[in-house]
Each structure stands twice: as structure tokens, then as C-alpha cells.
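K.L.:
Fit chain B to the known structure of chain A by using the hints.
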Amino acid sequence: MLRLVNLELQKLLLNRASKVLIFISFVLPFTVLILSSIKINFFGFFTLELGELGIFNFPIIWHITTFFASYFKLFFAIVVVSMIGNEYSNKTIKQNLIDGLSKKEFILSKFYTIVFFSFLATVLIGVGSLFIGLYYSSYTEASIIFRETEYLLAYFLKLVGFFSLCLFFGMLVKRSAFALAFLFILYIFEWIIFWIVAQASSTEMAWKVKNFLPLESMYNLIDQPFQRVVMTKYPEKIDMAYDYAVHWYEIVIVLAWTALFVFLSYRLLKKRDL
Amino acid sequence: METILTIKNLTKKFGYLTAVKDLSFTINKGNVYGILGPNGSGKSTTLGIVLNVVNKTSGEFSWFNGSVSTHEALKKVGAIIENPNFYPYMTAYQNLKLVCKIKGVDYSKIDEKLAIVGLLERKDSKFSNYSLGMKQRLAIASALLNDPEILILDEPTNGLDPQGIHQIRTLIKKIASEGTTILLASHLLDEVEKVCSHVVVLRKGEKLYSGRVDEMISSHGFFELKSEQHEALASFLQNNPNFLSVKQEGELITAFLKEPMDAATFNKLLFDNGITLSHLVKRKESLEEQFLKLTDTI
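Going down the list, the protein sequences come from chains A and B.
Here UniProt numbering is used: the first residue of the first sequence is 1, the next is one more, and so on.
Here UniProt numbering is used: the first residue of the second sequence is 1, the next is one more, and so on.
Don't read these hints as lab results, they were simulated from the structure.
Hints may be right or wrong, so weigh each one.
Selected chain B positions facing chain A (in silico; Cβ < 10 Å) [what the hints assert, rightly or not]:
{"hint": "1", "residue": "T11"}
{"hint": "2", "residue": "L17"}
{"hint": "3", "residue": "G48"}
{"hint": "4", "residue": "V53"}
{"hint": "5", "residue": "T70"}
{"hint": "6", "residue": "K75"}
{"hint": "7", "residue": "N83"}
{"hint": "8", "residue": "Y89"}
{"hint": "9", "residue": "L98"}
{"hint": "10", "residue": "K101"}
{"hint": "11", "residue": "I152"}
{"hint": "12", "residue": "F271"}
Just so it is clear, CB atoms sit at the ideal spot from N, CA and C, and this is done for glycine as well.
Chain A on its own, in the form it takes in the complex (with noise of 0.2 Å):
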């Protein structure tokens, strides 16, 4: 395991542009992080300070900062497309398998590679947020502070599940371009399938449709944070209240898509001519 990632970290880091995508996908995440967190002072007209909304409570910034960070996926989507479509295009993909390598094996130093970045941006956010935690939370109590670390779990799953699906649209269009479009097409088919369902039945029969589906399921591991924000500065208004919390089904879901998706992946391989 050790030595495919290992390759595959070689093609990666050598090449400048998933090398400098690599880093924008890491380090931007962490400096809008940190950026928000500082008091920010507007020519003294007046400043702001987003801690000061309570943003930075523990528990509640395990979700916000993993909810924010997950959009940062995409500059790290790109890199997983063009890992798949480099190879296409530079035929290297023929040139491995020859070498020795089994096309099981191709297939899972991309993968675990997938897992390896999204492991690290977990950490970082993780640790990340903890510091930002400490620093402006009331609370400090470990108990409170490692409440809904639940967070970082759906986060690292929701990049894994993500990153598969770019890794088997690499695989299916073999062009990084096409694949990202394909991304884009799968977004507005989603809605598509969720509009004829509305149309046969009811709104709420869409929904729990459009949940099972790839980007959708992943989107809902974790929840928009807006209303808990607003809830939590008017806890009177009881309307508000919806169901926030990582649910054990939403992670089957992608695990289930996951596991879909390297597999088509494989197979895929597997069935073509090089």
C-alpha cells in the first residue's frame, strides 16, 4: 500500500500544476480559516471580528469549518481528473501496466492516494479548528470541545466519496476537461431526476429521492450551518429548528457510492484496450 501511494505521489508532486493545485487546495482552506478568525479592523470605521458571533464555539465550529472547507474540494478535483487524464494522454497508463503493474494496483494507488490527501486535509482543518476553538470559545471543557467531532468524520468521507467519483469520470471520459464537465452534468441530472419525481409525486418524495444520489448524499453529510447560526442568537424562534446532525444512513449512503465508484473504476479498466 505504502509503495502505490508512493508512486503515485512521484507522478503527483513532480508535476508543477497538481503540485501548485495541491497547495492552493490545502493552504487556502487554512488561510480563509485563519483570516476569519483574526479581528479584522475596517479604517477604524468599524471592525470585524467573526468570532464574536459565536461562530467559533465549540461545538458548533466543527461544523462550520468543515462545511466551508468542503467547497476548497474542487481545486483538489481537478488534480484527481488530471492524474487520471495525464496518464491517458501520455499513454504512461500502457507504459505501467507493462511494467508490472496490475491494473488492480493502478487503480488503488489512485485511490489510496485519494484517501491519503483527504486524511491530511482533515487533519489540518481539524487541528486547525481546535486552536481557533480554544482561542475564542467560552467553553473549554473536553467534553464539550470533542462533541460533535462527528464533523470531521463526515468531512473526510464526504472528500473520499467526492474524489471517487472525479477518479471514475477520469476513468470513464479519460480527459480531465470532459471529466469536470461531467461533474457538472451529473449536478443538473440530479435535478433533473428530482423535478420528474416531483412531477409524478410530491416535493417530499423528490427530496428523499434526490438524497440517495451521488452529490446530493454527499452534500448532505454535512448540513448548511446558516440557521444553526441564527438559531443559536434567537433560540426562541422554534420554526427554525431542522436536523443538522450526521446521521449513520448518510454515511452508508456515500460509502456505498464510494465503494461504487472504485469498483466501476476497475472495471472499467479492467474491460479496455489500452
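P.N.:
Chain B only, in chain A's frame:
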């Protein structure tokens, strides 16, 4: 003799097109094999199948008597097919390092093999800056990294300039002389004739001949003759049981031998019969002529 590769009834269909048809042959250790065939005869497809990049439709193949799985076997094989495929943004050294990681070879081999192909000074240049000849030599270095049991080369001189072709051929001969088994696919006949001891001839995916190169050129050769006494010579040859056939083209008479005879004996025989020659050449049919005869589609 140790068997390296066995192919049995291998068939590959691309849709309605049959690229390889019921092909069987065996590669033994220590020989230099050539796969000959015109373009599109299934050479590359056959190699693709045994190298794990093309799926077979039916039939079997096994490496090293089937003792290991294909991708494990490939770690003991060195192969380059068609164009050299490397990561353009990596240097030669980094590219070979990656191959070492795949094959599980020690990095110390890299410099050694780069020296063999004469690229040691350029090892830190990016692959994208290499000329085609250098790329091809790097591919050979890469294929040699694991000191392979067998070296598979598919059209190694394709697209190279005469100098490049010469360099690659010298390299192949050198590797062959060190006892490495080689499988060389080519449509360039003199290439195969110069390096190979055995040959498999393919046409439209079917095997036409497989065996030793010198057995393929099985005839005893022929004489090209000219003489002032044209008529006398022609009738003498026609009545001589040593000759298979006699062809006349203007002044030139070509006589094909039925059994071995050297030029001196033949010359003496004619002289004793009162015929003097003005032109005498003994030739063997070239592989090219044999090949064209074999693959003749008419």
C-alpha cells in the same frame, strides 16, 4: 530448454475484425525471436495481449510455464511498445526511478543502464526535451532496468533517422550477445535477418511460418550467369538434374539449385563442357524474398 512464453490458440477480435487468429508459438530462453508481418498483421496486438494491456478474446498464454501471474511475470520482462511512453515533466532519472518502484528494482541500476544506452550525461534533462532517438534509448534503458529474462521490442527503430536506427541496432545486438532472450516485432526484414535466430511470420493475424531463420531460407541458392554461348549454356542447364528450374531474362540466366554446389565446382563443370562464362554470381534468396513469397496475397 527453459520456456519463457507459451501462446496457445490466441484469438483477438475487434468487433468484426479478427486481429489475431488462433495463434500458437513458444519462446524459449536464449534465442532471439523476430515477429514479422506487414502493417496490421497483428504483431502489436499479440504483444499487447501478453503484456496485459489488451484483453484476449479466446485462447491462452502463460509466462514462465504459468508459475506466476501475468503482472508479476512482467516484472521480469522488459518491454517497449511502439512509442516510448514516459512522464514528460520528469527527468530521465526520475522516470526510471518510477519504473524501479513499480518493478521493485534497486535505484543503483538506473545509472548503470543509462550508461549502457549513452544517456548518463543527460539524466537530469526532462523527458520532453529529448529527441526521438534519445527517447527510444531511454525506453530501452527502462526495459533493461530489471535485467529482464526477456526483452520485448515492438518496432524499436520506427521513425528514427539512420543514425538512430544504427545506434538502436548496435544496442540490440550487444544485448543479444550477452545472452538475453529477445522478441523483436518488426516489418523491417533486414532488421530481423540481422539480429534474429528464429522468426514467426504473421499475415492478417494468422501464423504463416515459425522456426529458424536459416531454415526459412531453405533453398540452396541460385546462380546468375552470362555467357557468349547463350544457347549452349541454357540447354546444358536444362538437361542437368542438379537444377530445379532455369529462368532466362535477356542475357541473364538464373539457375536455381536442387542440391548444394559451390561456384568453383560449377564453373569447372561448365568449362569442362566447353562453356566459358562472362558472369557468374552465386546468391541465396534473402529473407525479404522469402517473406514476400510467404505473405503474397495474390
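K.L.:
With reference to the structure, classify each hint as holding or not holding.
P.N.:
To see whether the hints hold, each was checked on the structure:
1. T11: Hint on T11 (chain B): violated, closest Cβ of chain A at ~14 Å, above 10 Å.
2. L17: violated, 12 Å
3. G48: holds, 7 Å
4. V53: With a minimum Cβ separation of about 4 Å from chain A (threshold 10 Å), the hint on V53 (chain B) holds.
5. T70: holds, 8 Å
6. K75: holds, 4 Å
7. N83: holds, 7 Å
8. Y89: holds, 5 Å
9. L98: This interface hint holds because 6 Å falls under the 10 Å limit.
10. K101: holds, 5 Å
11. I152: This interface hint holds because 9 Å falls under the 10 Å limit.
12. F271: Constraint on F271 (chain B) not satisfied, violated at 61 Å.
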